[in-house]
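Visitor: So you can see what is in the structure, the chains are spelled out below.
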Amino acid sequence: MNLAAATNENLAHTSNVLIYSSMAVYTIAFFAHIAEWVFGSRSKVGRTAAALTGAGAAGSSPAKIQVQVAQQGGATAVLDRPKIITRSAAGSRDVPDGPGAAGGTFKGDLWGRIAVSMTVLAFLVQAAGVVARALSVQRAPWGNMYEFSITFSTVAVAAYLILLALKKNVRWMGLLLVTTVLLDLGIATTVLYTSSDQLVPALHSYWLWIHVSTAIICGAVFYIGAVGTLLYLFRDSYENKLANGTEPGSFAQSVLSRLPAAATLDKFSYRVNAAVFPLWTFTIIAGAIWAGDAWGRYWGWDPKEVWSFITWVAYACYLHARATAGWKGRKAAYLALIAFGCWLFNYYGVNIFVTGKHSYAGV
Amino acid sequence: MSNTRTDAAEEHANESEREGESPGEREGRQERENAAELGAAGSQLSTAPREEALATLPAMGVIGWARWFWRQLTSMRVALILLFLLSLGAIPGSLIPQNSVDELKVQTFKEAHTTVTPLYEKLQFFDVYSSVWFSAIYILLFISLIGCIVPRTGQFIGQLGSRPPGAPKRLTRLPAYTTWRTDAAPEEVREAALAMMRKRRFRAHAVDDAVAAEKGYLREAGNLMFHVALIVMLVAFATGQLFKSEGGKLIVQGDGFSNTLTQYDDFKSGSLYDTDSLVPFSFTLDKFIGTYERNGPQIGTPRKYEAHVTYAEGAYGKPKKAVIKVNEPLVVDGSKVYLIGHGYAPVVSVKDGRGKEVYKTAVPLLPIDSNATSTGAIKVMDGYRDKNGKKDQLGFQAFFVPTFAGNGKGTMFSQFPAADFPVLALNGYHGSLGVDSGLPQNVYQLNTSKMKAFKDGKGDKLKQRLLPGETMKLPDGAGSITFEGIEQWATFQISQQPASGWALTGAIGAIAGLAGSLFIQRRRVWVRAVRGADGVTVVEMAGLGRSESAKLPEELADLAVTLHDMAPTAPDEASAEAHSEEPAEGAEK
Ligand code: HEM
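Residue numbers (my numbering), protein chains in the order written: chain A, 422 to 784; chain B, 5 to 593.
Please note that the accuracy of each hint is not assured.
[Unchecked claim] Calculated lysine-lysine pairs in the BS3-like style (CA-CA distance at most 27 Å, straight line):
| # | chain 1 | residue 1 | chain 2 | residue 2 |
| --- | --- | --- | --- | --- |
| 1 | A | K749 | B | K555 |
| 2 | A | K688 | B | K555 |
| 3 | A | K589 | B | K219 |
| 4 | B | K555 | A | K588 |
[What the hints assert, rightly or not] Estimated spans, in silico, between C-beta atoms of each pair:
| # | chain 1 | residue 1 | chain 2 | residue 2 | range |
| --- | --- | --- | --- | --- | --- |
| 5 | B | F113 | A | H434 | 39 to 45 Å |
| 6 | B | R75 | A | A696 | 46 to 52 Å |
| 7 | A | L597 | B | E125 | 44 to 50 Å |
| 8 | A | E430 | B | A457 | 26 to 32 Å |
| 9 | A | A696 | B | A199 | 31 to 37 Å |
Please keep in mind that the hints were generated in silico from the structure rather than gathered at the bench.
Note that beta-carbon positions come from the ideal geometry of N, C-alpha and C, so glycine has one too.
From just these sequences and the hints, can you work out the full model?
Guide: So this is what it looks like as structure tokens:
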């Protein structure tokens, strides 16, 4: 073995250590999030629910009163900025957003902040792990499923942190995100682990960088959209129960009441999915161009191509459903989940169960 | 904030009073109420077709039914269903082997699953993407798409010529709203508002006591462009499929190829393809260069794969030099020449029993692993005579490694893909190669059923490892075979797929259109300025978008700040505050 190989071995080893370390830090973040939710539950979280179910109803006039949420024009409010009254448009319930996991409690908030800080730290460590891996194999870190998995969850966390940095209201997804990142890394390091491996010549192209990196970004953002959609479904049935006067279970009461309103979650996942759909379209087209250069045909119904197409059509379905009356809300949400399911299958299912031109470098 | 919560509570109390109403119905009702309130303000904010209930039965008669059918087909609901069917229909093709991808696999599958095969064949599951039912789905979808785009385009052009509708009566009902009182005269405020809107590239005009403005028409344009681009892509793809051709050819260094059907090793084409349309050109493989990573974890990985060729366009074109690489085909007049694979072709010569050289060729061998361990057959068909002058045929099984591990290393497999330590191992046969039987033969395999193996002195099969320049003597004066040197070969795929330029154009158009459609908001803003009962001017501003946008209130705030500079709040601060605090009550009174 020569010197270069030894360096690479060392780098690969360093990468593994970093990935394991990030898992440890994510675990701390996970417990901090749990603490946030637990302390949050001790606050008067039943508040919203109580207000919604009964108390205020007594003195209301029979005429339909629209709620108008007064809010400052933006977070960076200028003093003389006018007050803009917003009202949700037709069709959606005007329920205020929940107070967040911390439930407005000081301790909960403190733990929440610790959780976010730990997530940032874990992200940095994980990102370093991915970079070390890339250096050790001297190519983009997505030549096999192990590398794809670690890169994928890094990008998902990055997307979440960017949203946080942009002061978007996304802290509610912290716990779920960290949990799934831990799961993803767990599967990656145990089941999918492949030691540094070679690439077949067909993968040597700058389209590899373009096509696969955008695919990973799309997947990560679609994932965040799917989390929003899933929580929307829970929160929506919770709100429906309240509206129908049914008592939701106490767990649901405590947890779901702290989430943003169903309408907010729905809008969030729509925006996220719609924003990344053009990029997904681009990813498929970039793949087709690359296939045209590498295999002599730009589209050949290879299983991977088929499932990218299915995922694309499924998301187009979802976007159409949103634009069509009668399919808004829950039905559209199911479509969004199906679409994300297609994305997941395209990645895990096709790589493992189906063979095609895209199967290389083992798993 | 607490204020808000009670409001929400009241809202819900009201909601729950309407018992027996499903959430869907409630939504519908709210939408209708809302539409009634907004009047014309929200009309034509997009060109999306109105949803018609599927239940509306047509008037009698064929034309009535045809019209009904057409309306259903071009409704968004049916587009949605067709889209869903399209994705569903694509699934079997990814799980069952397809003729268009790998016929061999289909054959194996059919042999392994004899029970389902007849059913699958009936359902065209081995040709999903050209099946009747899959075609039906996408053809219906695209008819629907055309039926949707044409009226929408007309409508959109109409909208471009018309002006945004006037302000609804109660601006407080709109998704974003603000108000203040000012000492400026209403006319001044309206004028300032009009100027401001136009400066911000809104399309604006004054109607009655208000200014109506609209922006973001590009959203609609983008959406239409996207859907048109889909049609362009489909047509381009279909054209490509029907008229394409694709063939493979193995060429040993120094040899040439000219683009006619007979020269191909294998050839496939679309159903409307005509062989006359093969682009006339020819090329010679001057040199193949392959270099490989020698260090690190990627040892053995190809670093450079280059086929240096001289090609000529047309029958008498001037020869030109070019380099073909993996991922970088040579393009000649719409035909693309791809470098697909490469391997080694040991040059061997054979002397017959009389000492005459009867054979000298570079014999392409097929690689069987990533280090280019290769196998194949050497067939000497004509001209060979044994020592008695009798005609015979010779066959050799060839096993070649470009980098031999060395004697006694226990492996015959190649250690590296470059020709560092080339060794050719041979064993020989004589007799009939069976090539005269007329049956097609695999050139890489030896059919030894009618041949006899040469034996060495001990009666074992004659086997020998040769270095370049070395010779293996055949027993009993049957002649000899010499490993003269090594040439390389490369395989090329020559494809012709018309309309791929159009497909690319469509794809770029689709992305651009999509970006416009999803990122641009089409929105309307109204500014109303009227003199209140106390003589002070009341300014009201409100915004409405096609979908709820977080940016709309932001933008309205910006506009309000700008307008506010020109029509500042009247000194009576307290009452203005109160007014904006409770718009709902204010509106109700
Ligand atoms: C290949 C099939 C199709 C695909 C992939 C597709 C995709 C899309 C996408 C991605 C959008 C943007 C959605 C949004 O603005 O949120 C859209 C909008 C739209 N599509 Fe399609 N579409 C297809 C076929 C059709 C057909 C057949 C129709 C007509 C019946 C149609 C009518 C519309 C309309 C009216 C909109 C605008 C909705 C709005 O303004 O929000 N589409 N389509």
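Visitor: Does each hint hold? Answer for all of them.
Guide: Comparing the hints with the structure gives:
Pair hint K749 (chain A) plus K555 (chain B) holds up; C-alpha atoms about 21 Å apart against a cutoff of 27 Å. Distance hint between K688 (chain A) and K555 (chain B) is fulfilled; the C-alpha atoms sit about 13 Å from each other, no more than 27 Å. For a cut-off of 27 Å, the pair hint linking K589 (chain A) to K219 (chain B) stands: about 26 Å separates their Cα positions. For the proposed pair K555 (chain B) and K588 (chain A), the alpha carbon gap of about 15 Å is at most 27 Å, so the pair holds.
Checked against the hint of 39 to 45 Å, the C-beta distance between F113 (chain B) and H434 (chain A) comes to roughly 43 Å, which is consistent with it. For the pair R75 (chain B) and A696 (chain A), the supplied restraint of 46 to 52 Å is violated, since their beta-carbon distance comes to about 33 Å. Checked against the hint of 44 to 50 Å, the pair L597 (chain A) and E125 (chain B) passes, with Cβ atoms roughly 46 Å apart. Restraint check, E430 (chain A) to A457 (chain B): a C-beta distance of roughly 48 Å breaks the suggested window 26 to 32 Å.
Between A696 (chain A) and A199 (chain B) the beta carbon distance is about 34 Å. The supplied range of 31 to 37 Å therefore holds.
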